[in-house]
Amino acid sequence: MQLTTEEQAILSGSKGPALQKAMRSVVAFGETFGATGLVRITGPGHLVTSFGASMIGPHYRMMEELIGAGLHTPWPFTVDPRPADFKNVPSSLPEKLVTRLVYSRQRPYEAQLARVGLRNADAFTCTCYLPEVGNRPKFGDVLAWSESSAVVFANSVIGARTNRNSGGIDLLCNLLGKAPLFGLLTDEGRRADWLVEVRTTSLPNAQVLGSAIGMRVMEDVPYIVGLDQWLGSGVNDAAADYLKDMGAASASNGAVGLYHVEGMTPEAVKIGRGLLRREYRTYVVDDAELERVAASYPVLWREPGARPSLCFVGCPHLSLGQLHQWTEAIVQAVRQYGRPRLAVPTVLCAAPDVLRAFRASGSAEARLLATGARLTSLCPLMFMNNPLSARRPVVTNSNKLRTYSTARFYPDEELLAIISSGRLQEEG
Amino acid sequence: MKTFKGRPVLPGSVRGPALVSRQGFNTLASFQKSVIAGSLTGRAKRAVCSDQDNRDLFGKVLTGTILCLPQTIGSTSGGLVLETVAAMGIAPAAMLFSQSIDSLAASGVVLADVWVGKRIVAVDRLGDEFLQTVREGQQVEVGEDGTVTLLD
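Going line by line, the protein sequences match chains E and R. Oh and the first sequence: position 392 is 392 in our numbering, straight run, nothing missing. Quick note: to get our numbering, add 1000 to the position in the second sequence (first position is 1).
Derived by calculation from the structure, the hints in this document are not laboratory data. Keep in mind the model is a prediction, meaning the values are calculated, not measured. Take the hints with a grain of salt, since some may be wrong.
[To be verified] List of simulated lysine-lysine pairs, DSS-like, C-alpha gap at most 25 angstroms:
(1) R:Lys1060 to R:Lys1045
(2) E:Lys96 to R:Lys1005
(3) R:Lys1060 to R:Lys1033
(4) R:Lys1005 to R:Lys1118
(5) R:Lys1033 to R:Lys1118
(6) R:Lys1005 to E:Lys21
Only chain R is shown next, with the shape it has when bound in the complex (with noise of 0.2 angstroms):
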């Protein structure tokens, strides 16, 4: 069990499996794919990761999980794309950085907490060890007050 001590931009308690992008997460093309296919069908059940360049993510599933990541990449409608997922119910739970928070995702995380009543949990500054310590799958917990733990 290994503890990391960051900054809550969005508080919230929050446990789940942990996904790890080591490279920058570019919010529209990896979300890309769902929110169409969501548009097409009017509903979508989960999020699945369409961005071709990032090599730890693409296929994987978004949805539920704790998204370990450096910073995100990418369009500006990258914050419009985060508050869309999380209307959708197919965000995930929260966004853990190990840098300081992007504009695009700190744009997204407020604008779907102030407009859409739905939180995704943010934390960042947690620091390089954080990513390079956190492994994909493994069981993490976040703390209000910013405390990230590593379960097992």
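Pulled out of the complex, with its shape left as it was, chain E reads as follows (with noise of 0.2 angstroms):
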């Protein structure tokens, strides 16, 4: 790798053995790529640890080194959501105490966040881009960004450039304010490798067909075809809601950093076809296909008939205009149902800053909270990672909390009726 004067100097030493270790490990990862260098990074950060578990005591005693020698990003970060919300997702005394147990260096590791950048105490969210929480990068941005939904997020639908980097290599990129110039940063490594192609009589269901993209593709770049027909072109709102789910799903359930849908996304629009490798391959995606991914997925409730005793919606965080469909949904389907409230304890997530918006625009939150649904900012992957809250029957309509805990996956309108009736759609 060509490392500038300044850059040699750092990783001899000349700086002190904080940055000097920090240089150390972009520099081993970038080379691990074949990187050519150095590219200087032209927009804020997103990292993904947002938790403190006791376990991960390394990366505490790494933040401690690099505050120690005085070192903070150039721009404020933010980062994923918190793992816990007591006031507004219901857990039990003794899930309280294990959540309080697993993650309690929470609070000094956010002392430590805010010591080497972090933007606010509302900056805990998972969908910073969106225009709410605005830390949205512009088109050809270079970035260090980690949490895999945001990567493939700012990478796809904005056209920003970030490879998808892990916690720890995030934060260093960052407070050195360089990234090494490999893979999606470079034209080369944004060439899609796959041609998608969606042959489904209706829209999929953005979740699992992000399953199904991920599964088969894994870190290689998709160009999908046929969305447009039911998305319109270019990127509206309700496309980037789309967008976000799907791209989400492709890379928890495989390791999507960066999709092309033609007609829609930036460099699709620009580029078209000509975006595809000589040597691209083809996967056909129809209602068959579908069918067959969303049925792989196991059950691991103890009593697979259980009736559900929570809801997550919302991983990745709600947008305000999800936040707003899923408000009218859950009353009309109460009503429907005949009965004052929902049947299952339903949560909403979303960041800080969407859920104020959400608060002042009308009776919408009255009318939601009055279904007996609550609104949360945490994590709900973490909450889930509590061994207690991993032993109940809880459902979701998110396809990575369920790669990542025991909660089940049913589309929209199943858990729609499954949160109104109490029962899973099976028993009838």
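Using the hints, put the two standalone chains together into the complex.
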């Protein structure tokens, strides 16, 4: 890797051991991928490590070294959601005690984040790119983000450039203000390895389509055709919500860091099928394929027929538009089932800034809360990390949450029926 | 005895039993339960794969194995998880990739090496034939130069 004189000096230790180790890590990481050099980061960071779990001691020790050396990111960064919200998420006393134990370092860790450049106390969300949150890069920006769902959104929907950075490396790159030049930062790395032909009879469920694509292409770049017939051209708000959820599923069920959608995402609009590599492979997704994929999800509940005790909607966090849509859908479903309230405790997750905008937008919040639904900004995935919570029969419409927990996945319509009736659909 | 030659990403000599994932290895999903259990008890003796979607590895012990895989997949906390399990002493002894190593696994082994001083030997680009040939439980020897020998 070609380093500048200043970078070489840092690597040699001229600016202290902490910065030297940061540079050593980033250079070793880049050299693994044949990076030709380091490039300047042009926008704020987003980091995945938001949780103070007691076992990730090495990360806290690294933070201490960096803080001790007086290091700070050039821009304030955002970070993934917090792991707990006892006020708004129904939890038993033992669950609360275990959560406190698992995330016992939350407060000191948040203090560490603040010292190296955390934007503010509301900067905890996986959807930092939403307009209400405002950590939204521009087309062509060079970033060093982590959080798989944010990375894939920034690359694909916005056209910014970031590799799928891991927790740890993300912070080191942002402290240095530089990222190794390889992979998704390069034109060549953004070309598509797969042509994904969507031949379903209607708009596919975003979460299942993303899952199917991720499982098939793993970390390759897919060029998806056929979605614009339902979602229209370009990316309007509804399409952005769809692509957010599809991308999150593709990044968690596989390792997709960038996808192109014909007629929709910026690079596909600009370059079209010229993005496909000469030796691309083809994957056809039809109704039968999506059914096959959905049927492959294992059921990890202790009692598969149990009545659900909790529902999470919003992993990744919901947009403002999605919050309004879910409010209308829940209010209608409760009315349809002739109940005063939802039968299953249901938690809708969104960024603190999005919740603030929702609360300010009229009567929607009151109507939603009247159904018994609750609002939070926590990370449902981290909630489910609690071994006691993992034993509960939890339902969700998130394929990402399904992948990392015992929560059971249902499409939106089915989920609405479950939370309104209190029964799984197979019970009739 | 069969030999494969890969690229030593983090070189080292190690020998142990193979554990084989023919699908992408989801690092967070695989180690999640063991790391959380370690948080609760303050110690962890070994890691057992908790990735429900991994038909090859679910429920199997990962610690000390020669983990053979195509690449890692899933959450970008994957690298941090690898660094953590290395620090906890419950990581695989080596990770042998049939394809090029992915960015999350590379981060994890680098962070463990630089910040914790614990090395998970990593060799990549061993080829599809390697992953098709190696069997679970088979003794595997990894050399400093990225040579991988299947011993029995």
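Evaluation of the provided hints:
1. Annotation: proposed proximity of lysine 1060 (chain R) to lysine 1045 (chain R) holds, straight-line Cα distance about 14 angstroms (limit 25 angstroms).
2. Using a Cα cut-off of 25 angstroms, the hinted pair lysine 96 (chain E) and lysine 1005 (chain R) is violated, with the two alpha carbons roughly 50 angstroms apart.
3. Distance check on the hinted pair: lysine 1060 (chain R) and lysine 1033 (chain R) sit about 12 angstroms apart at the alpha-carbon level, within 25 angstroms; holds.
4. Only pairs whose Cα atoms come within 25 angstroms are accepted, and lysine 1005 (chain R) paired with lysine 1118 (chain R) is accepted, the gap being roughly 24 angstroms.
5. For the suggested pair lysine 1033 (chain R) and lysine 1118 (chain R), the alpha carbons sit about 21 angstroms apart, so the restraint of at most 25 angstroms is met.
6. For the hint pairing lysine 1005 (chain R) with lysine 21 (chain E), the CA-to-CA distance comes to about 30 angstroms; that exceeds 25 angstroms, so the pair is violated.
Comparing the model with each numbered hint stated earlier shows that hints 2 and 6 do not hold.
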